[in-house]
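Q: One letter stands for each residue in the lines below.
2 protein chains.
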Amino acid sequence: MSLHQSGWMVLTAALLLNQPAAAAANYPDAVASDPATMGWMVGSPPPADKQLRFDDGSYFRFPAMRWSVANFRQLMPTVNIPRGLGNAQPLVHAEDTAIDQLTFMPTGADKAMSWEASLLANYTDAIVVLHKGKVVYERYFGVMSPTAQHGVMSVTKTFVGTLAATLVAEGRLDDSKTVAHYVPELKQSAFGSATVRQLMDMTTGIRFSEDYADPNAEVWAHAAAGNPLPKPADYKGPRSYYEFLQTVKPEGKHGEAFHYRTANTDALGWVLARVSGKSVAQLLSERIWRRLGAEQDAYMSVDSTGTPFAGGGLNTGIRDLARFGEMIRNDGRANGKQIIPAAAVADIRAGGKQSDFAKAGYQQLKGWSYRNMWWVTHNPHGAFMARGVHGQALYIDPKAEMVIARFASHPVAGNAANDATSLPAYQALAEYLLQR
Amino acid sequence: MSLHQSGWMVLTAALLLNQPAAAAANYPDAVASDPATMGWMVGSPPPADKQLRFDDGSYFRFPAMRWSVANFRQLMPTVNIPRGLGNAQPLVHAEDTAIDQLTFMPTGADKAMSWEASLLANYTDAIVVLHKGKVVYERYFGVMSPTAQHGVMSVTKTFVGTLAATLVAEGRLDDSKTVAHYVPELKQSAFGSATVRQLMDMTTGIRFSEDYADPNAEVWAHAAAGNPLPKPADYKGPRSYYEFLQTVKPEGKHGEAFHYRTANTDALGWVLARVSGKSVAQLLSERIWRRLGAEQDAYMSVDSTGTPFAGGGLNTGIRDLARFGEMIRNDGRANGKQIIPAAAVADIRAGGKQSDFAKAGYQQLKGWSYRNMWWVTHNPHGAFMARGVHGQALYIDPKAEMVIARFASHPVAGNAANDATSLPAYQALAEYLLQR
Chain Z
1 MSLHQSGWMV
11 LTAALLLNQP
21 AAAAANYPDA
31 VASDPATMGW
41 MVGSPPPADK
51 QLRFDDGSYF
61 RFPAMRWSVA
71 NFRQLMPTVN
81 IPRGLGNAQP
91 LVHAEDTAID
101 QLTFMPTGAD
111 KAMSWEASLL
121 ANYTDAIVVL
131 HKGKVVYERY
141 FGVMSPTAQH
151 GVMSVTKTFV
161 GTLAATLVAE
171 GRLDDSKTVA
181 HYVPELKQSA
191 FGSATVRQLM
201 DMTTGIRFSE
211 DYADPNAEVW
221 AHAAAGNPLP
231 KPADYKGPRS
241 YYEFLQTVKP
251 EGKHGEAFHY
261 RTANTDALGW
271 VLARVSGKSV
281 AQLLSERIWR
291 RLGAEQDAYM
301 SVDSTGTPFA
311 GGGLNTGIRD
321 LARFGEMIRN
331 DGRANGKQII
341 PAAAVADIRA
351 GGKQSDFAKA
361 GYQQLKGWSY
371 RNMWWVTHNP
381 HGAFMARGVH
391 GQALYIDPKA
401 EMVIARFASH
411 PVAGNAANDA
421 TSLPAYQALA
431 EYLLQR
Chain V
1 MSLHQSGWMV
11 LTAALLLNQP
21 AAAAANYPDA
31 VASDPATMGW
41 MVGSPPPADK
51 QLRFDDGSYF
61 RFPAMRWSVA
71 NFRQLMPTVN
81 IPRGLGNAQP
91 LVHAEDTAID
101 QLTFMPTGAD
111 KAMSWEASLL
121 ANYTDAIVVL
131 HKGKVVYERY
141 FGVMSPTAQH
151 GVMSVTKTFV
161 GTLAATLVAE
171 GRLDDSKTVA
181 HYVPELKQSA
191 FGSATVRQLM
201 DMTTGIRFSE
211 DYADPNAEVW
221 AHAAAGNPLP
231 KPADYKGPRS
241 YYEFLQTVKP
251 EGKHGEAFHY
261 RTANTDALGW
271 VLARVSGKSV
281 AQLLSERIWR
291 RLGAEQDAYM
301 SVDSTGTPFA
311 GGGLNTGIRD
321 LARFGEMIRN
331 DGRANGKQII
341 PAAAVADIRA
351 GGKQSDFAKA
361 GYQQLKGWSY
371 RNMWWVTHNP
381 HGAFMARGVH
391 GQALYIDPKA
401 EMVIARFASH
411 PVAGNAANDA
421 TSLPAYQALA
431 EYLLQR
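If you read the sequences in order, they're chains Z and V. Those letters in the first sequence? Residues 1 to 436, by full-length UniProt numbering. Those letters in the second sequence? Residues 1 to 436, by full-length UniProt numbering.
Watch out, some of these pointers could steer you wrong.
Note that the list lumps identical chains together, so a pair holds whenever it fits in one copy or between two copies.
[As the list claims (entries may be wrong)] Below 27 Å or equal to it, Euclidean Cα-Cα: the simulated DSSO-like pairs (lysine-lysine) are:
{"id": "1", "residue 1": "Lys337", "residue 2": "Lys278"}
{"id": "2", "residue 1": "Lys366", "residue 2": "Lys253"}
{"id": "3", "residue 1": "Lys177", "residue 2": "Lys253"}
{"id": "4", "residue 1": "Lys278", "residue 2": "Lys50"}
{"id": "5", "residue 1": "Lys187", "residue 2": "Lys50"}
{"id": "6", "residue 1": "Lys399", "residue 2": "Lys353"}
{"id": "7", "residue 1": "Lys187", "residue 2": "Lys177"}
{"id": "8", "residue 1": "Lys337", "residue 2": "Lys134"}
{"id": "9", "residue 1": "Lys236", "residue 2": "Lys50"}
{"id": "10", "residue 1": "Lys249", "residue 2": "Lys353"}
The hints are simulated quantities; they were obtained by calculation from the structure and are not laboratory data.
Could you build the full structure based on these sequences and the hints that come with them?
A: So this is what it looks like as structure tokens:
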């Protein structure tokens, strides 16, 4: 097996993707690619052409990946994130069937689209909308259901950034200190001289190429290091996320521009592990999952040394993702408790430097910023969001008192491919709920 | 990597072990081998000598296996067994601190032992005792806790046998039909001509050597087939549990004697999958876990085609295992529902043919029988139990209205090594609770 062809590689590469996206026109549409009707991994045994494997990468090719994003744990080792044994905080239902017919103008389009149509356009797997804390909309597609768990991809980063902001607000982590101060092993790497704050806001100057055509690009080394499968006999590279991070070289200066690079979150996860003595998965359980009133455990993928993939390895139920968003919307309070310090949430909502963000050149995200691994719109509603490849989203609109949690399996990894039919839809729904 | 040296092999081989056990005298005791104080997989990263790996088998060597039995999912792919989203059926506590001082005479010993001492003698990881449905005793050791999940090893078989007995009682499965009737692919194998009942009671005549010194023993082929890691390039054998089962050859006649062989349960799992159209994991969720009032999801390990390991792959919380036992004690009722048909429970309790069982020669289990993958004592209390290597146990004493769920990580796989300090302890506790 070549590690360059392995599925893990494909997954991690996809997680890192941050490029203007190609159109999805060459892919089968959401109905034709529905993973339930395609019958992946159904049967005893599944027919050969319906079997998906981790070791040959078949699991992450479209449309098969539409099954895999809801079943990562069947393909790779994972660590549990217990919710504890108490009762969940109930979600009150107040469904609004008019939402399906709501229309909006997709970015750059000349024809309006309905909310309902946008779900198919975006290959939505599951979506929950809360308004003032109540469920006004909830849908499942393909192999998703309320008790299924789905990869949140880079929304994982937002959880890690929120944990870091929490420890900063509590005075347990000094974000002005260097990374090397907390993790001496990173002193010789590009991360060593960066501040923790620069990690948290992804303004480090590190070399991390995502040029898939280049076999020497760092993205491949990162994926190979984190791959939990046995390494080939001739493998010479780093053998874990932590080993990989120590090899990262500088490029440019720290603190001058936003560069979206997954390795920053893995480094931040290491800082958190050192500060707390706990893995990111343990922290997520203790600080959030056990206190939130979650109804399902969550889980993370791990490398061969047991390190959770902080940059993209989290899987949750859609309703628990919505609960997390609602807690953030309520300034960190949920389930009768202050879960995240209000100061940390205020710092997230205030956002980062828009001038730093502008340098990254996101055409559809003009005026946005990035802070504590959240994407901040700076729109009149003060909306901010978490984003993961293939359409994972947690969108919080404070003015509209709205939280949208969405899982998707769009054939194009980069969110530029679905933003045009997502962001205006979210805004239209916010305006509808405000006026309702 | 040689598959013959792989950890999965070691695990599966251990699961299959059914031999008079060597004394544990050469192993460090329970305190010296405590997995929490040994610090396995603790640190960021864990020190090299504290890292446990699946691919080199290090994870299943004693004492490291004491960590691994509570963390299988961090080492291999698994499938979730959802409990659903409702509230758990609460466990009422009525702890009896006198139990620790209870004494009993271990089998063949000349000196009494306290209940408390027996837990260390048996390398207990977690134990819950219910009396009349209330928790009278609950303890955790090492890395176990109420929210942790532990491999139940061959107690998995008991769940599969209970599901089969359920479908038989419902008339959906005819246990007098041959295995080939339900799974034509097994027609040419030794299983083909056996009845489903013979599978359920393990009275098939199949060749399944557990001679670890013999590299051609079937136990190695079974383990290699089920190993979810990529196969070596020169690997020629079966590549899944189902492929392995098709290679099993006859030995002796069906229906004449009890032979404890894990492959029977894997074959039964295949029958259940064909009859129901669902995997054993899905059936376990739908028929038991979602209805029992369980407080945690359970999970099973899977092979590379996604087939759950029916012979030994289940992991549960200790309190949920106790809930399952209490449901069986109450003739299949729990959480206000009839979960398993009363007729199926009655058939389990009635037991199998003691004359068939006697031929297997268990010195410490004289007069017992095996039915629907339960071990039936036929003692005056009508006790019956589920058993898994290294000391996993679910013991139900109807007369004493007592259920004991125990997880352990005894250095010796075969339960003969711990029966002497387990079975008399259970009996002593039953008598104490009867007289209390």
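Q: Next, verify each hint and record whether it holds.
A: Hint-by-hint comparison with the structure:
1. Lys337 to Lys278: within (22 Å within a copy, 41 Å between copies)
2. Lys366 to Lys253: within (23 Å within a copy, 76 Å between copies)
3. Lys177 to Lys253: For lysine 177 and lysine 253, only the intra-copy Cα distance (17 Å) is at most 27 Å; the inter-copy one is 74 Å.
4. Lys278 to Lys50: between (39 Å within a copy, 16 Å between copies)
5. Lys187 to Lys50: Between copies only: 24 Å across, 47 Å inside.
6. Lys399 to Lys353: within (22 Å within a copy, 71 Å between copies)
7. Lys187 to Lys177: within (13 Å within a copy, 68 Å between copies)
8. Lys337 to Lys134: within (18 Å within a copy, 31 Å between copies)
9. Lys236 to Lys50: between (34 Å within a copy, 22 Å between copies)
10. Lys249 to Lys353: within (25 Å within a copy, 70 Å between copies)
Checked against the numbered hints above, the structure violates none of them.
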